[in-house]
Amino acid sequence: MRSIFLCEWERLWSKKSSILFFILIPFLVLVTALQSRENNEVLEKTDPQYSFWSNFPVMSIAEVFMLYFNIVAVLIIIMSFTHEYRTGQLRMVLQRSFRFSSVFWAKYFSVLLYLFLLVGAYFICSLAAGWLFFDSAEKVYLFFQPEPVSPLHSLGYSAAYFLLSYLSLSAVASVAVLVGVISRSSTTAFAITAGFLLASMLFPVLLGMFGESIGYSQYVYFSLIEIQFSGIVQMLTDQVFLKGWILAVMMAYILLGTAVSLIIFSRRDSLH
0 MRSIFLCEWE RLWSKKSSIL FFILIPFLVL VTALQSRENN EVLEKTDPQY
50 SFWSNFPVMS IAEVFMLYFN IVAVLIIIMS FTHEYRTGQL RMVLQRSFRF
100 SSVFWAKYFS VLLYLFLLVG AYFICSLAAG WLFFDSAEKV YLFFQPEPVS
150 PLHSLGYSAA YFLLSYLSLS AVASVAVLVG VISRSSTTAF AITAGFLLAS
200 MLFPVLLGMF GESIGYSQYV YFSLIEIQFS GIVQMLTDQV FLKGWILAVM
250 MAYILLGTAV SLIIFSRRDS LH
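Numbering (numbering that gives the first Met the number 0), first residue to last: 0 to 271.
In short, the hints are calculated from the structure, not lab data. Even glycine gets a Cβ: it sits at the ideal position worked out from N, Cα and C. Each hint should be verified, as a subset may be incorrect.
[Said to hold, decoys possible] Calculated cross-link-like contacts (lysine-lysine; reagent style DSBU-like; alpha-carbon spacing at most 35 Å):
#, residue 1, residue 2
1, K242, K138
2, K44, K138
3, K138, K15
[Stated by the list, open to error] Ranges of calculated distance between the beta carbons of each label pair, as one might list FRET restraints:
#, residue 1, residue 2, range
4, Q238, L33, 26 to 36 Å
5, S216, L116, 31 to 41 Å
6, F108, A247, 34 to 44 Å
7, S2, D46, 48 to 58 Å
Generate the whole structure from the sequences, applying the supplied hints.
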């Protein structure tokens, strides 16, 4: 298993786009830092959206996460699963006496590790940008929390936000893997996954039309996009029920998506 994982890890990094996605991170952080400085000019320091060095990582990733990281996850997965099979590269790996399940897990975990490093690199760059561009403060106000916190607490909040963001990204990746293993072309895989993300974006809007009758505040978090937009912040509050609900939804996407993908991927007749 170790040898095939290392093989897939090297194959992932052999793609120029995999390196490019990392190179773009400092530029994205710089753009969000300049935007946050402009926002600070019209915000009170007691506003949770006001950026200090300790909370800038949250302000920064919230601006780009849904668009940049979701698209990167989809593209990396399409290249690793759909594209490699349709171009014959996957057949060459399978000819080396590896089990189908071993190939799947090697690909899956290499993608998840890549995304973890990508999110981690963004966190480190945003911390550096926060130190360079923003002031410190004795107290920092956080979303949905009435009392201000210390910079150290704010840093811990930022780290937790990034970890939960990564978990939500893993859920998106699990859906993208499922689409990737059933799609007959990279274009189809991208179109279906983009359609899923768009539907996930529109779902809270449609559900909100019936919010009075069905109590949509919890059901809105069936949407992965809504989880990334507001659910992560809710998980960092004291609302125990919503915290458990959102975590359960993300884990359901990950476990079901991965299990069904493995079953489909491991069927030998699906590769002929």
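For each hint, the structure was consulted:
no. : hint                    : result
1   : K242 / K138             : 25 Å, holds
2   : K44 / K138              : 10 Å, holds
3   : K138 / K15              : 43 Å, violated
4   : Q238 / L33: 26 to 36 Å  : 34 Å, holds
5   : S216 / L116: 31 to 41 Å : 35 Å, holds
6   : F108 / A247: 34 to 44 Å : 23 Å, violated
7   : S2 / D46: 48 to 58 Å    : 52 Å, holds
In this structure, the hints that do not hold are numbers 3, 6, in rising order.
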